[in-house]
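Undergrad: These protein sequence lines are chains V and C, in that order. The numbers in the working numbering rise by one with no breaks, and the one at position 79 of the first sequence is 79. The numbers in the working numbering rise by one with no breaks, and the one at position 93 of the second sequence is 93.
Worth double-checking, as some hints may not be accurate.
To spell it out: a stretch of chain C is covered by chain V in this simulated footprint if at least three of its residues, at any positions, have a beta carbon under 8 Å from a beta carbon of chain V; those stretches are [what the hints assert, rightly or not]: (1) 50-63; (2) 69-82; (3) 99-111.
Just so you know, these hints were derived from the structure itself, not from any lab. Glycine included, each C-beta is placed from N, C-alpha and C at the ideal position.
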Amino acid sequence: MSLKVSIPTPLRRYTDGAGVIEVAGDSVGSALQSLTDQFPPLKQHLYTDQGRLRSFVNVYVNDDDIRYLQRTETAVKPGDLISIVPSIAGGSA
Amino acid sequence: MLKLRTAEYDALRSHGEETYPFECCGVLVGRFTGEDRAVEEVVHCGNTRSDRPQDRYHIDPKELIAAQRQATSKGLEIVGFYHSHPDHPARWSQTDLAEAHWLGCSYVITSVQAGRAQDTNSFVLLGDTEDNKHLETEEIRVSNLVEDRTICR
């Protein structure tokens, strides 16, 4: 069992087209660090210049939003799936 | 270019009629083919913006994850999104651009006037970053309709 990150369509251009990447780490933060270490160009799409996750980037561990857990400190283990999901919103006004 | 079959095209337009006077929203699942996006399925989603659903939409990320998992299981990808503009033209707003983050995907907008779907336009989100992203009008090709008419001749 390995820890994996699901990559959304628009970011797959930075992962050689892969939709799922195996990573190392025991927290969401360290897992995403493992991801961006493997694919450095991803970093600017996930983080602001100040190193914070961009506000429109949703991160889920399995079915849970990390905003309602311990954010990037949320613990993860082999077998978990971390999903990166940019938000979808808008409107006519 | 965005390619759809008649059934998928009708499905996203009628969704806007069903939710009128509120905005509808959903996911387009299919394949990237060169510079084009070919839609295989239209996934209706709920609009979580209960505070002002008449001119705002937001899709629950859990619905996006479910759509993505389902697409992956079929060898497909999320290629775009759609929503409606009740009593408003089918053109993107500054809100639409500011809230668009799926670079390379299509954003389809249907104008629904007095409960009836009118114009449907598609815009592809181009650029490399949040700083230079922009929406560009793209052609919509509804293939079944054209082919069926050709066959009838």
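Undergrad: Are there three or more residues in the segment 69-82 of chain C whose C-beta lies closer than 8 Å to some C-beta of chain V?
TA: holds (count 5)
Undergrad: How does the coverage statement for the segment 99-111 of chain C fare against chain V, requiring three or more residues with Cβ below 8 Å from a Cβ of that chain?
TA: holds (count 8)
Undergrad: Per the coverage rule (Cβ-Cβ under 8 Å, at least three residues), is the segment 50-63 of chain C covered by chain V?
TA: holds (count 8)
Hint compliance for this structure: no hint is broken.
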